[in-house]
Amino acid sequence: MDFSLEYTEEQEEFAKEVREWLDKNVPKDLVNPRDPLKISDEQRQKRRELGRKLGEKGWLLPGFPRQYGGSDLDVDHRFVLSQELEKAQLAFPPYYDSGLTLAASAILVCGTEEQKKHHLIPICKGEVVTWQLFTEPEAGTDEANQQANALRHVRDKDYFILNGQKIFVGGLTTHPAPPDRFLLLTRSDLEAPRHQNLAMFFAPANLPGITIQPLDLFPPGTFAQISGVTVDTAPGVKHSVFFDDVRIHESYLIGEERDGWKVATATLNVEHGGGEARVPRQNFIIERFLSYCKSNPNIVKRLKENPQLLDSVVDIYIGAEIERLFSIRNAWLASSGRRAPYAGPQLGLYAKIFGGRLVTEMAKVLGPYAVTDDAEWSLEEGMFEVGQRAGVCFAPAGTPEAQKIIISRALAIGR
Amino acid sequence: MNLDLALTESEEMLKKTALDFIKRDAPKEVIQTLQETDTGYTEELWRKAVANGWLGVIIPEQYGGTGTPLTNAGVLFEALGTGPLPGPYFSSGILGSLIILEAGTEEQKQRILPAIAAGEQILTLALTEPEYSWEPGAVQTTATSKNGDFVLDGVKLFTIDAQAASHFIVAARMGKEADPAKGISLFWVDSKSDGVSVRRLSGFLAGRSFEVKLDSVKVPPSAMLGDKGGGWPALKQAIARAIPVLCAYKVGGCQAVLEMTLEYSRTRVQFGQLIGRFQRVQDMIIEMVNHADAARWTTYEALWKLDTQRPATRSVHLAKAVSSQAYWEVCTLAHRVFSGVSYSKEHPVSFHTRASRYLYHYLGDPAYHRQQIAQFLTA
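In order, the protein sequences belong to chains A and B.
Numbering-wise, the numbering used here comes out as the position in the first sequence, counting from 1, plus 50.
Numbering-wise, the numbering used here comes out as the position in the second sequence, counting from 1, plus 136.
If we strip away everything but chain B, and leave its shape as in the complex, we get:
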């Protein structure tokens, strides 16, 4: 039978390495501290991740990575999601790499990708703006030509990992066209450029979401990724490929929260008995199991389709709609089972609640992806 949902030997090894890393290098005290920082990582953790090859996991070997399939990256990010390990690993290693791969010229790939794999450059996507949307029509930031350079102006909002980034990939409009997807260019922008200001958004649940202001930011022509005005299709493609890896991170989160809730319900005693014996508690846990498994299998099927060049658009929308909702609901249900003790900032359920909230809308929320599904169901 071709059907085989087991991890390969190398995927098992990767999973083990990553879970050991979380256990040893990023236990809950470390994760709590990291969550409070603006970058989400420490130099030491970053070096170890680079040494493990995690930043170049999907970058082809010719550009300094290991070029493994997306499923492999999914296995890695599922393990990191159990932490949940904060930091720009996904932003740079997956989404950043994929955008360069999809949009960059050969010269840009050779210049940027090895630096990402080596952890020397940290990329993050600066796309969404005050009119929050993952559709091209919402891009209002402008790029204008001036003396052979480009000048960027605009506000990028809810940009993830902006403080950690050495470079932003900025989507900017270069002219008004009837089709909003046309006329958008992508720029590789040094985060220390004049005119760039970065501010972390407040709120416990905002996680590492930032406002990035671009005030007459000058970038050279070599910073434009690919063709002028042709950035959107490449960006869309890169996001579609990155989404299931982000979903895998959420799968890991669901699994971790489920396991700690199970453990708690097997040890916590109220009314003289283990709370897991109460059918109302069992109802909640079974709902969590269903959410976690739905997220898992929609995610890995999407990864498999992408890796085997099958049509995957529907599966990607499905995986993101299901896993974002699943992670959110699993955390909410966990708070109902744990109750008071889980409201502490030191409690790992709270780490996941935070991650499930600030990553809910990232790369499109369930409402957006459900809308995409509705379109192909009725078109």
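Next comes chain A alone, as it looks inside the complex:
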């Protein structure tokens, strides 16, 4: 066995190329606050620009076929790319975009050749940013319970008329510009049985009749999303999207009119951890926390006076080690082309449950400093307070309970 993430010679060579490119193209004045809300519009603009450059280079979806804007890179090279971006404190891509993670896979698997050419290239080039619109007020974990209707226009048969509401959508990309595309799941048939009554669209986000409203939520994203080297892919803000007699041309339909669930399943597999290997990540908040346990006189004194708190510190360390090892295991599974049906959702589940638990343990150790981002008195500019807010965020990419349903199926005990 070899647990090392060191590069092979071939990987090292590619890494050099990547480092040189990043050195030339990454703006020197990028700042990395812990709270996604604290990234300025100007900073977001720089990240968006960097995304376009990465796309031009074919590195936004490097594993995708060259003809659709990718680079045909194998796992070993993709691994290098994500490692080097991480070293440069950049997320991959450096902003929130469901197009790259979900829509591109859906289109590649279920789209027509014409759709692939038309849609994939702008996604891969970083020209468009996409939001995923699956969740509704009545369709949370029960994703198939769609109420927003996209029904064939009575006279104009090439069009669908869409009405309804989506919720918990997107990220901070309305600043400085709104999203360009929607990956949209809707009900397309009021009579057909469950799972056969849905349609998936990949459509422009600016059609007449669409209203986007931000939600006033307190979590910045899940703990995993905000504890990496940067918070760029954490949503920060979510939205409601309303559709009021929106006309969508049938050419935006991905798959057949009643294939929506099949297409959604293909993307959900990716979202639930079945796709690209997640590279083992440096956990910024835990690292800072552990260094505080050694160096902050206040914390050191608390630990001395109350040895029971040491248990909390050790719990955090052990949990982080297990999460790290699960991600290394998953990276190995992906890189060696092995299938372990429960490994993806297991890591997702573990990260969320552990995230929830570790913020509790952190608060025990840090005291009330854990819950303030006060400019004068907080620790690390409120880093731990962001962590506390993220620690109660379980829903993105499926609740732990949804992950358990998937794991149970993989273990052949679920329905």
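None of these hints come from the bench; they were simulated from the model.
Keep in mind that the hints are not guaranteed to be accurate.
[To be verified] Straight-line Cα separation of at most 30 Å, DSSO-like style, residue types lysine-lysine; simulated pairs:
| hint | chain 1 | residue 1 | chain 2 | residue 2 |
| --- | --- | --- | --- | --- |
| 1 | A | K354 | B | K318 |
| 2 | B | K372 | A | K354 |
| 3 | B | K245 | B | K282 |
| 4 | B | K184 | B | K481 |
| 5 | A | K344 | A | K312 |
| 6 | A | K344 | B | K372 |
| 7 | A | K137 | A | K103 |
| 8 | B | K312 | B | K364 |
The hints should help you fit chain B onto chain A, whose structure is shown.
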């Protein structure tokens, strides 16, 4: 990519051989019987294990073993842990060998290691005492010089595999020093020596834990392993290297219990449906999977670090803290899924429950290893 968590071809073969051995030579009826015996093995099983080279798996070739890496031993003990196969295989072949390798003189290595590999000598460590601890301060047993020999006096408690052992490695104090780690010597003691008495501790879950009394036990100078008073650092090093192999045995136990629980939940019907369909049962099984995988990967990473001469201290503490707890919890959860049927002494879950309990504290319990982790996190 260098990252590769697959077993090598030879490790796969070893795993298969060991799993076949469990299936053919140590099925559950045999394991149940072995558990009741004081030695945990039969001559026939022992001979087969020796013939397979398992007692010399980490002993260098020049001392009669095959000298394979610790990871290889981990693969072997993971397979044996699925039984869980009782007997002094780990005590002698891994821990005993490592102590001789770390503490012994060249002459002692040449004399003792080939005998371990050939299964002719069976060693076990007699370290812990009534004040139970894996720290040097708890060693109260004394060794005094008398007419050129040494005389040992004391009580060694919770000594694993003592009845099977032909020899004990006894840690004894030779003088009071300010640093408790100093002044401890290690002795290779014939278990049939005058003054040695061995008694198995009672209790279903006590497994093969023993009291070993040393009452004026006389040993020659050649029995002292290494330097006088310098035994502790060598012993500590040997234990650190042995721990992940013991953890691998627990990983095998976790995996076996998990698999039988999965199988049961796929066949057992209550309220007109398979119990695996109940989400509360699924919750327990998913917790078991997480425990088993956490134990597995912490263990194999520690083995890899040791085999590649990377700093491994943290990983060893982590592996032992995680896998001891994992094995314990996996068994407890299995009893909740199986319920009544698993309380039978004939039921394999009960074998593992027993092993998970009596091996929980062995070589340091989770509380001890967590304390070690806490020290480097806050120092």
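A quick look at each hint next to the structure:
no.: 1; hint: A:K354 to B:K318; in the structure: holds (28 Å)
no.: 2; hint: B:K372 to A:K354; in the structure: holds (27 Å)
no.: 3; hint: B:K245 to B:K282; in the structure: holds (26 Å)
no.: 4; hint: B:K184 to B:K481; in the structure: holds (27 Å)
no.: 5; hint: A:K344 to A:K312; in the structure: violated (51 Å)
no.: 6; hint: A:K344 to B:K372; in the structure: holds (26 Å)
no.: 7; hint: A:K137 to A:K103; in the structure: holds (18 Å)
no.: 8; hint: B:K312 to B:K364; in the structure: holds (13 Å)
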